[in-house]
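What follows is the residue order along each chain.
Number of protein chains: 2
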Amino acid sequence: MDRSIRVLRVGQRYVRDDRTLTHLCLVSRALGAESIYLEDAEKDVTGTLEQVNKTWGGEFKAVLGASWRKVIKEAKGEGRSVVHLTMYGMPIQDVIGELRGLERILIVVGGPKVPGKVYHEADFNVAVTSQPHSEVAALAIVLHEIQGGEELKRAFPKSKLRILPTAHGKRVVEN
Amino acid sequence: MDRSIRVLRVGQRYVRDDRTLTHLCLVSRALGAESIYLEDAEKDVTGTLEQVNKTWGGEFKAVLGASWRKVIKEAKGEGRSVVHLTMYGMPIQDVIGELRGLERILIVVGGPKVPGKVYHEADFNVAVTSQPHSEVAALAIVLHEIQGGEELKRAFPKSKLRILPTAHGKRVVEN
Chain A
0 MDRSIRVLRV GQRYVRDDRT LTHLCLVSRA LGAESIYLED AEKDVTGTLE QVNKTWGGEF
60 KAVLGASWRK VIKEAKGEGR SVVHLTMYGM PIQDVIGELR GLERILIVVG GPKVPGKVYH
120 EADFNVAVTS QPHSEVAALA IVLHEIQGGE ELKRAFPKSK LRILPTAHGK RVVEN
Chain B
0 MDRSIRVLRV GQRYVRDDRT LTHLCLVSRA LGAESIYLED AEKDVTGTLE QVNKTWGGEF
60 KAVLGASWRK VIKEAKGEGR SVVHLTMYGM PIQDVIGELR GLERILIVVG GPKVPGKVYH
120 EADFNVAVTS QPHSEVAALA IVLHEIQGGE ELKRAFPKSK LRILPTAHGK RVVEN
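Sequence lines, in order, name chains A and B.
So in numbering that gives the first Met the number 0, spot 1 of the first sequence is number 0, and the numbers just go up one at a time.
So in numbering that gives the first Met the number 0, spot 170 of the second sequence is number 169, and the numbers just go up one at a time.
Misleading hints may appear alongside valid ones.
Remember, identical chains collapse to one label, so a pair may be satisfied in a single copy or spanning two.
[Said to hold, decoys possible] DSSO-like, lysine-lysine: derived pairs with alpha carbons at most 30 Å apart:
#: 1; residue 1: 169; residue 2: 60
#: 2; residue 1: 75; residue 2: 159
#: 3; residue 1: 157; residue 2: 69
#: 4; residue 1: 112; residue 2: 60
#: 5; residue 1: 42; residue 2: 72
#: 6; residue 1: 169; residue 2: 112
#: 7; residue 1: 116; residue 2: 42
#: 8; residue 1: 112; residue 2: 42
#: 9; residue 1: 112; residue 2: 53
#: 10; residue 1: 116; residue 2: 169
#: 11; residue 1: 152; residue 2: 53
#: 12; residue 1: 116; residue 2: 152
#: 13; residue 1: 169; residue 2: 72
If you are wondering where the hints come from, they were derived from the structure by calculation, not from laboratory data.
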């Protein structure tokens, strides 16, 4: 299946949390999403992403400035299923069969400030355990489970550097 | 198999990164590790963990103050396999069969400042993709893969609150 997965971040904390934002972007990129929707105020991260694409390849994109309402509405309009990650949702292991059948997905990653409306607009509210932990970890496991591990084998074309996996040490080559 | 998994964090950044540290602790707890080893300077997080245990159950522990050398040495002394997460390591999908066979594991989570010696002391250097992303995400996927999803069904005894998974909304009960 030629899957298309995009990520939307909603409900940022009042205190800026740049590290978590960067992690969410890089995990989306590394684990097979094609883009992440961010608020305008988060544009600082786009420089980091451009640099990572340039060095490590691929065409992952950050899309700035659309409200979450608009992103969700447009996603639904183009037949995308909305999968919201929340510790209150249905266990991932109970819904993964259905999720794997979806070709076009918008994964919504929340924080403590997610509006109630997101829970109702989502086609799936999905929990990676019902324990408090990390939206970065939840996103990683859901991307991994939906793609059944295929995302781990993905190539990132046009990179400047490439790692040669090794048992002990570091091996990097220039392309 | 009655698996025992512990986590060690090595190579912190010079700038304190409390959010990532908290995420690493909570992911270790939620996804089936029994404890995490931290440096003394990171003791602030233990209050958060105590509060989470009290509210959401379980007996996850942060162990403070041992050097990484000592923790790795002791782990090996008690027959624990050392699994170091690094983008330079062998692909997780190539070594997961071996990792699943291990009963006692110390997962070492690094950062940019991991000493070269860790790469050589580790029994396995494991990569979750050879792309730069997040130690939180890498830890989550490795815990998930080693335990084959069993960790998602884990109970956390003696909790004050418990979530009832639901398709749309939030349901929490007091025990």
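Verification of the hints:
1. 169 / 60: within (28 Å within a copy, 32 Å between copies)
2. 75 / 159: neither (37 Å within a copy, 38 Å between copies)
3. 157 / 69: neither (33 Å within a copy, 42 Å between copies)
4. 112 / 60: Intra 24 Å, inter 28 Å, cutoff 30 Å: intra and inter.
5. 42 / 72: within (22 Å within a copy, 44 Å between copies)
6. 169 / 112: between (40 Å within a copy, 14 Å between copies)
7. 116 / 42: within (25 Å within a copy, 38 Å between copies)
8. 112 / 42: both (20 Å within a copy, 27 Å between copies)
9. 112 / 53: Only across copies: residue 112 and residue 53 sit 23 Å apart there, 33 Å inside one copy, limit 30 Å.
10. 116 / 169: Answer is between; shortest inter-copy Cα gap is 12 Å, intra-copy 47 Å.
11. 152 / 53: Intra 20 Å, inter 40 Å, cutoff 30 Å: intra-copy only.
12. 116 / 152: Intra 36 Å, inter 28 Å, cutoff 30 Å: inter-copy only.
13. 169 / 72: between (45 Å within a copy, 22 Å between copies)
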